[in-house]
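So the protein lines, in turn, are chains X and W. Residues 0 to 234 (numbering that gives the first Met the number 0) are what the first sequence spells out, left to right. Residues 0 to 251 (numbering that gives the first Met the number 0) are what the second sequence spells out, left to right.
It is worth saying that the hints were derived from the structure and are not from the lab. Take the hints with a grain of salt, since some may be wrong.
Chain W regions said to be covered by chain X (calculated; three or more residues, Cβ under 8 Å) [stated by the list, open to error]: (1) 134-146; (2) 173-187; (3) 203-209.
On the chain X side, residues computed to face chain W include the following (Cβ under 8 Å) [unchecked claim]: (4) Leu71; (5) Tyr201; (6) Thr205.
Quick list of simulated restraints, FRET-style, between CB atoms [to be verified]: (7) Ala136(X) - Leu152(W): 32 to 40 Å; (8) Ser10(X) - Ile8(W): 33 to 41 Å; (9) Gly217(X) - Met140(W): 47 to 55 Å; (10) Ser55(W) - Gly217(X): 25 to 33 Å; (11) Gln191(W) - Asn97(X): 25 to 33 Å; (12) Arg223(W) - Phe195(X): 52 to 60 Å; (13) Leu42(X) - Leu193(W): 32 to 40 Å; (14) Gly127(W) - Ala136(X): 35 to 43 Å; (15) Ser220(W) - Trp92(X): 25 to 33 Å.
Predicted model only: the values in this text are computed from it and were never measured. Glycine is no exception: its CB is placed at the ideal position from the N, C-alpha and C atoms.
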Amino acid sequence: MSGFDLSAILSNPEYMSMLMHGMQMTFVIFFGSWLLAMTLAILLLALRVSPLRIGEPIVAAYVSYHRNVPTLVQLMLWYFGIFTLMPQGFSDWLATHNAEAIFAVIGLGLCQAAYFSEDLRSGLRSVSSGQMEAAQALGHGYTSAMRFVIMPQGVRNALPPLINHSVSLFKNSSIAIVIGAPELTHAVKEVENLSFRTFEIYTIGTVTYLFFSLIIMGIGAYLSMRADPARRARA
Amino acid sequence: MIQDFINIINDYWLLLLIGQYPNGPLGGLANTLILSALAIALAFPVSILMALARLSKWRLLRWPVTGLVYVTRGVPLLMLILWCYFVIPLWTGADVPSFLIMLVTLVIYQGAFLSEVVRAGIVSLGQGQMDAAKALGHGHMSAMRFVILPQALYNMIPSMISTFVSTIKDTTLGYVINVPDLTFAASQVNNQLLTQPFQVFLILAVVYYILCWSLTYVANSIERRITRRRAGPRNARLPAEAAPLKTITEQL
């Protein structure tokens, strides 16, 4: 084998289109599961703070399960286990509609929802109860106090862990390779099998992941700067 | 349905526990535990060295380690496993067992994450401790060894346990390079049965759940005790005053 030569891969249209498809799928999985996770996390949080007695233990059990079972095992349970228990017609329909990607989104999204809801909750809890009392003393109702006083501070506190967990979610999308979703790591493995240029293709894959992780971290830093009134005033 | 679970556990509990041990390599739950314990035991000294390097005043030491930490944080563990799986046999020229490859990967990965925890622990102690130690005649190294690290590491114990939990969860990814761990054993059982994947993988999930949940429980109770101790006897009623150490661990 000749020396390290990135252009052998970068100038090959076939390899590049495989990588592009992989990247596309990685992003579909990432954005799909992120949206699912955030929606669920807000619902879980609402259920937790609601006066319903049953809400608290249900959410606690949900969070506990998803944080203590490895993501890989959760995906396997979804794809190899629950998939086979579904009604025949439905699973046939799924099988023709990229079931791997759908289950990757479901599995990763449900798992991530547990982390997101905990982040949001600890963010809200760190806003002292005096804030709510002060807002109400100034004439805000519950909803309006939540909207204008509590939420802005809570979300600001929750931002750093939310960003960290979004990066983790992006990285964890690579686990979908185990259930056969054709995402970036899968594409990297395929190109490796075709080209035998392992060093080059792994470097490309690593740099791609690193690049987008750093972008997410950068967006996070920008958002926390924007959300911080003290720093915004200075800027 | 319940009968299925009992039957699977009855027939395969030994395989899930130790793999094909007497007739083959050790595997199953035992191997998962050994792998994660070894990984954390080796990652611990590595992480202290990396944290000291990141806090060092020499750029030559600080920059490469900082770079390594950022790369490890930005790249999926799976990619790192693939790298090690390819590079280690190439460099050593030997047929390295997948267990060792997974161990090296985990030491690098968790070492980088733990080093952030150690660094946070050292930084959170404040400059005063170092100044006081130097005033008493300690050099930098001796102050680190006898004053800073003992305190920082004691405060880190809960983070260490939660890193152990995430290491256990990380070992599942060894599945892609066929490390004979618990996940591998379960998929073997699944391949033999073929008809009951849901039952097999639910058992797998439950085993991991019990393992990780109980370790997290231990970590939490130790954390409460440490927070109380850091608050001191006079402030024992106000444990919230002592800033809780930020637990930086990777989820998986």
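Each hint tested on the structure:
Taking a C-beta to C-beta cut-off of 8 Å, the region 134-146 of chain W contributes 0 residues in contact with chain X, too few for the three needed, and the coverage statement is violated. Only when three residues or more bring their CB closer than 8 Å to a CB of chain X does the claim for the region 173-187 of chain W stand; here the count is 4, and the claim holds. Against chain X, the region 203-209 of chain W contributes 4 residues with a C-beta closer than 8 Å to a partner C-beta. That satisfies the three-residue criterion, and the hint holds. Because the beta carbon of Leu71(X) sits about 4 Å from the nearest beta carbon in chain W, less than 8 Å, this interface hint is met.
The restraint placing Tyr201(X) at the interface with chain W holds, with a minimum CB-CB distance near 6 Å, inside the 8 Å limit. Annotation: interface hint on Thr205(X) holds; nearest CB of chain W at approximately 5 Å, less than 8 Å. Judged by the Cβ atoms, the range 32 to 40 Å given for Ala136(X) and Leu152(W) is violated: they are separated by roughly 46 Å. In this structure, Ser10(X) and Ile8(W) break the distance hint of 33 to 41 Å, their C-beta atoms being roughly 55 Å apart.
For Gly217(X) and Met140(W), the hinted distance range of 47 to 55 Å is not satisfied, since their beta carbons lie about 37 Å from each other. The hinted window of 25 to 33 Å between Ser55(W) and Gly217(X) holds, with their beta carbons roughly 26 Å apart. At about 29 Å, the beta-carbon gap between Gln191(W) and Asn97(X) stays in the expected band of 25 to 33 Å. Separation of Arg223(W) from Phe195(X) is about 55 Å and conforms to the stated range, judged on CB atoms against 52 to 60 Å.
Our hint of 32 to 40 Å for Leu42(X) and Leu193(W) holds, since their Cβ atoms are close to 37 Å apart. The hinted range of 35 to 43 Å is satisfied by Gly127(W) and Ala136(X), whose Cβ atoms lie roughly 40 Å apart. Range check, Ser220(W) to Trp92(X): about 48 Å between beta-carbon atoms, so the 25 to 33 Å window is missed.
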